[in-house]
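Student: Make a model of the complete structure from these sequences and hints.
Here are the chains, one letter per residue:
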Amino acid sequence: MIRHNRVFVAVLVAAVLSGVTIGCASQSAGDSLVSYGLTLSPTGIDPHLNASLELGIPLSSVYDTLVFQDPETGAFVPGLAQEWTVSADGLEYTFSLRHDVTFHDGTPFNAEAVVTNFDYVLNPDNHSQRAAFMMGPIEGVQAVDEYTVRLSLGQPFAPLLDSLSQVYLGMASPLALEQWGPAEYQFHQIGTGPYRFLEYVPDDHLSLVRNPDYNWGPSIYKRSQGEVESFVFKFYEDPATRLLALQGGQVDVIGELPPRDAAQIEGSDAFDLLPVAIPGQPLQLMFNTRQPPTHDLQVRRALIMGVDRASIVRTVFGNYSPVAIGPLASNGLSPTPTNANLDFDQAAARQILLQAGWEAGLGGTRLRQGIPLALDVVVPSWGSNPEVGQLIEAAWEELGAQVRLTVAPGFGQLKEMQAAGDYNAIGYNTFGADPDLLRSFFHSDGLYNWTGVDHDGLDRLLDQAAQTTGDPDTRRQLYEQVSSIIQDEALILPVRDYVDLIGYNRRVQGLQFSYQGWFPLLIDLRLAH
Amino acid sequence: MKRGWVTVLPGLWIGLVVLVSLAAPVLVHVSPLQPVADPLSPPSVSAPLGTDSLGRDLWARLLYGGRVSLGVSFLAVSLTILLGGAAGMVAAMAGGWPDRVILWLANSALAIPGLLLAMLLVAAVGPGVPAVVMAVGLGGAPGFARLARSVFLQVKQDGYIAAAAALGADLAWISARHVLPNARPKLVSLTATHYAWALMGTVTLTFLGLGGDPAIPEWGAMLNAGRADLIGAPWAALWPALAISLTVLSVHAIADRVGR
Amino acid sequence: MVPAPDRFAPGPLAAVFRRILQGLLTAWAAVSLTFLALRLAGGDPIANLLAQGLASPTQASNLRRALGLDQPIWTQYLHYLGGLVRGDLGVSLYTSRDVSTVIGERIPPTAALASAGLIVALLIGLILGVTAAWSSRRPIGIVAGLLSSLALTLPVAVTGVLSILGLSLAFRAIPGADFLANLQSLVLPAFVLGFASSGGIARLVQTGLTESLNKPYILAAKARGLPVGARLLWHALRPALPPVISLTALEASFLFSGTVVTETVFSRPGLGRLLVTSILRGDFPVAQGIVVMAALVYTGGHILADLLALAIDPRLRRLI
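Each protein sequence line maps, in turn, to chains A, B and C. Quick note on numbering: this note's numbering labels position 467 of the first sequence as 469, and the sequence is numbered without any gaps. Quick note on numbering: this note's numbering labels position 22 of the second sequence as 68, and the sequence is numbered without any gaps. Quick note on numbering: this note's numbering labels position 64 of the third sequence as 359, and the sequence is numbered without any gaps.
Rather than coming from a laboratory, the hints here were simulated on the basis of the structure. Computed from a predicted structure; not experimentally measured. Incorrect hints may have been included.
Some chain A residues well away from chain C (every beta-carbon gap over 12 Å; in silico) [stated by the list, open to error]:
#1 Asp72
#2 Val88
#3 Tyr149
#4 Gln181
#5 Asp215
#6 Lys236
#7 Asp240
#8 Arg262
#9 Ala279
#10 Ser332
#11 Gln404
#12 Gly414
#13 Ser486
The calculated label-pair distances, taken between Cβ atoms and stated as ranges, are [what the hints assert, rightly or not]:
#14 C:Gly378 / B:Ser124: 33 to 43 Å
#15 B:Gly61 / A:Ala422: 40 to 50 Å
#16 B:Leu68 / C:Leu441: 25 to 35 Å
We put the beta carbon where it would ideally sit given N, CA and C, even for glycine.
Tutor: Structure (structure tokens):
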């Protein structure tokens with residue numbers, strides 16, 4: 003009996019020791035391996051089918067796109083397409099493709115490959131969540147000859163080049179697409195980019211290895227080949243673990259550091275901080291105009307004026323984020339005019355509520371005809387939304403509202419709650435350099451029309467702006483008008499313009515991000531020696 | 047003398063906690079929801095316990111949080127003793143196959159680790175206070191049922207119960223008139239212990255993020271929130287940790303004393 | 296009067312068989328309870344997929360049919376049980392991978408933590424229990440008793456957070472020490488987990504040893520002049536051990552709960568964190584799979600413990 007016990011204990015100790023050793027052996031970063039920390043773990047990582055932004059961080063270097071966008075100017079430059087022409091009516095785009103490109107599996111890149119890719123994206127059975135919508139009013143894609151492709155649109159579509167420059171419309175090997183099918187392809191991705199996809203273990207890691215054959219990079223790449231031999235991407239969903247991972251040497255680069263953690267490494271000896279402004283919508287709350295009491299414009303105006311946005315941004319984000327002033331970040335394509343309606347004025351807010359019939363009641367909650375001012379707020383769990391939500395809740399309680407805040411743990415749950423309709427304010431935003439992203443939010447037919455708005459003027463302006471391909475100034479003015487209407491109708495409470503806080507080990511140099519903000523140009527990364 | 051001093055402390059602490067929680071609106075002059083100073087300020091005159099990561103007063107949040115934690119646990123343990131007590135009594139008094147079935151059900155439920163069972167229940171209903179009450183309440187019922195059953199069995203052995211049965215008194219009447227009153231002291235001790243466990247369960251569930259609205263102060267949620275800033279500003283997590291520890295320990299100590 | 300031999304005493308094989316059967320029944324009930332808890336409380340897993348836009352309404356109904364979700368709940372239940380026997384725990388709603396694969400990936404870190412925790416629990420429990428019983432009058436014995444009470448009653452969340460705090464303070468005092476590396480090693484989480492599970496063991500050892508120390512043959516040995524030391528301790532400790540072995544197996548249940556919290560506090564990968572994440576994501580198959588596995592491991596441990604006790608003490612066989 004005692005002997006058995008000893009053996010048992012010995013086995014246990016051995017198991018524990020091996021566990022400890024495995025745990026302690028961190029990725030000994032050789033000179034040619036860079037570890038990169040990702041945040042949210044996506045449900046799927048095929049950029050053609052999935053919508054996650056996270057997947058673009060590694061995969062933007064696995065795929066090339068027809069065109070690329072200059073990270074500084076935003077101008078569109080040749081990529082896999084060495085030149086293109088647009089018909090006068092803006093309905094036909096003809097791309098002349100490069101002849102010298104091969105996929106990672108050796109198959110040649112040509113017009114047929116492009117057509118196959120678009121078919122894959124647009125096939126309704128594949129259920130593309132993002133890429134398909136980025137194509138807009140597309141009617142057909144045709145291979146005119148071996149290296150020429152023609153895209154036909156039903157209407158002019160201004161964001162087309164912007165869409166074509168993103169990883170979601172990156173060119174994949176038709177052979178691989180067919181071989182693996184939509185469910186399995188994400189684990190065996192084949193592109194033409196400077197890095198090859200090695201493997202993906204969900205919730206654990208994703209690895210890339212350098213493509214030695216790459217020499218068809220766009221002009222925006224400073225190098226013709228990657229210097230780093232391989233990349234390993236690991237997931238850190240819990241924000242508290244991110245700085246620890248960086249400081250502990252488990253990653254060399256990590257994004258979305260919490261602001262307080264970021265402050266710790268700024269300008270330190272071993273690490274540094276790179277704040278990257280992300281174009282697109284700011285962190286915001288969208289009001290539900292179909293649900294009382296926020297169906298009343300005056301209530302919405304009061305709720306906006308009763309929140310000290312600057313103070314909230316300072317508390318949660320320190321000095322790292324500008325206060326948002328409109329439906330698009332002020333670093334985006336169209337600067338939005340400031341509107342006095344957004345200024346913090348608690349007294350005025352109370353006055354407006356009173357005038358709307360909401361009188362002070364017992365216990366601090368306002369009543370109107372016996373009904374309390376009850377507000378249901380739903381926010382997602384990422385990007386410090388819960389913290390902002392709590393402070394907004396506090397501000398609205400001060401105004402005399404009864405607030406119930408729910409944090410949706412995932413996008414699925416967020417959408418579920420939105421579909422149920424029982425919310426007065428919901429937090430959500432997408433990113434992107436082209437302001438057309440506003441259309442799905444504020445058009446009466448929009449997929450993300452979570453405010454329930456139905457405004458003819460908005461619809462007209464948004465449709466018109468999507469079709470204005472000629473003159474960028476005209477386009478900007480249209481969006482300024484859109485922004486004005488959104489503010490007049492008090493549809494959103496904008497909080498902060500997104501700034502991604504990237505922490506990195508100083509041995510990594512040349513870190514630069516795409517125009518869209520989220521995706522690093524891995525090819526240009528160097529290691530200090 | 048030393049003995050007495052140690053005995054009195056837990057009772058004093060519980061009394062203090064209950065009193066202070068009930069009197070929170072009087073003792074606290076700032077809102078637990080509103081920021082009052084810079085985030086993570088150390089204890090000062092204006093904020094005696096410091097502020098949390100959003101600048102809210104920790105003294106206010108601790109007091110109001112006590113209301114929520116203690117209140118939710120109380121509701122949960124009420125559910126536990128109602129369900130578990132009834133099941134235990136039926137099992138003990140009826141005997142035979144009702145006893146076997148109830149015991150088997152209780153043992154099966156106990157095969158699922160308590161916290162996991164509670165988490166599953168919250169998962170099914172959705173995070174929030176009602177879910178936590180139900181999860182903790184139901185989660186504690188099987189264990190309480192088993193222990194209550196033992197107590198009732200013991201009481202049942204008493205001679206005069208058998209005599210009453212022999213005289214033809216019906217089971218329900220015996221249960222109410224004789225068994226319950228005699229079981230009361232042991233049951234009270236059991237309840238107290240289970241209250242401590244309910245508090246533990248509540249605090250753990252909210253710590254894991256299953257508690258609903260994060261703005262509402264609550265000790266477990268505060269402990270979790272303070273975790274992120276532990277190294278730079280430990281007070282945010284320290285006060286809820288101390289409050290939880292002292293309260294749980296005191297309840298257990300009182301339960302031990304009553305049990306003897 | 297010598298009692299007549301019991302003709303109906305079960306033989307050893309029958310006892311083992313009966314115990315295993317009991318365990319299986321309990322395991323089945325636990326699995327069923329888990330299944331019911333999730334299904335009856337409502338919540339359509341396919342709705343989640345629809346909401347995320349991962350499936351069109353047609354795809355959703357196809358999926359529903361494929362997963363058997365349009366069948367009456369009894370059919371689904373039998374289906375699930377059948378799958379369980381084959382080792383098929385279903386498919387994750389979040390990543391569409393096999394639940395058994397997903398769980399399998401997370402077993403090593405959790406197993407490492409749990410085993411380490413168990414060893415620590417045994418060690419601390421023995422030390423505290425023995426000290427409390429052996430030196431019951433002296434301050435160190437009282438302290439040991441107090442510590443085992445703390446271990447029994449403090450929530451793991453609290454001990455975990457306090458230990459990190461303690462560690463950070465300790466390392467601030469020691470210049471140059473690597474706080475981070477120590478934080479991320481297995482030592483502290485194993486200690487926290489082990490401490491939390493040690494209370495029950497300590498108590499049991501303490502009562503068992505106290506009882507055994509007062510037995511006549513121990514007093515006789517003392518009278519015979521046996522040195523009051525390790526040898527005596529060992530003699531007294533042996534009879535107190537069998538219940539401890541049973542309890543240790545039972546602690547497996549508590550270890551599961553403790554692991555969930557410990558992994559969260561220390562942000563370690565493993566089944567515990569996967570459970571929390573899958574519940575928050577609404578990925579019921581994964582959550583269900585983990586809980587079912589925990590219940591089965593617990594029941595298995597329980598059976599093992601009872602069989603071990605049987606093997607040690609033939610008198611117990613009669614009681615089954």
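Student: Enumerate the violated hints, using their earlier numbering and listing them in ascending order.
Tutor: Numbers 6, 7 and 12, in rising order.
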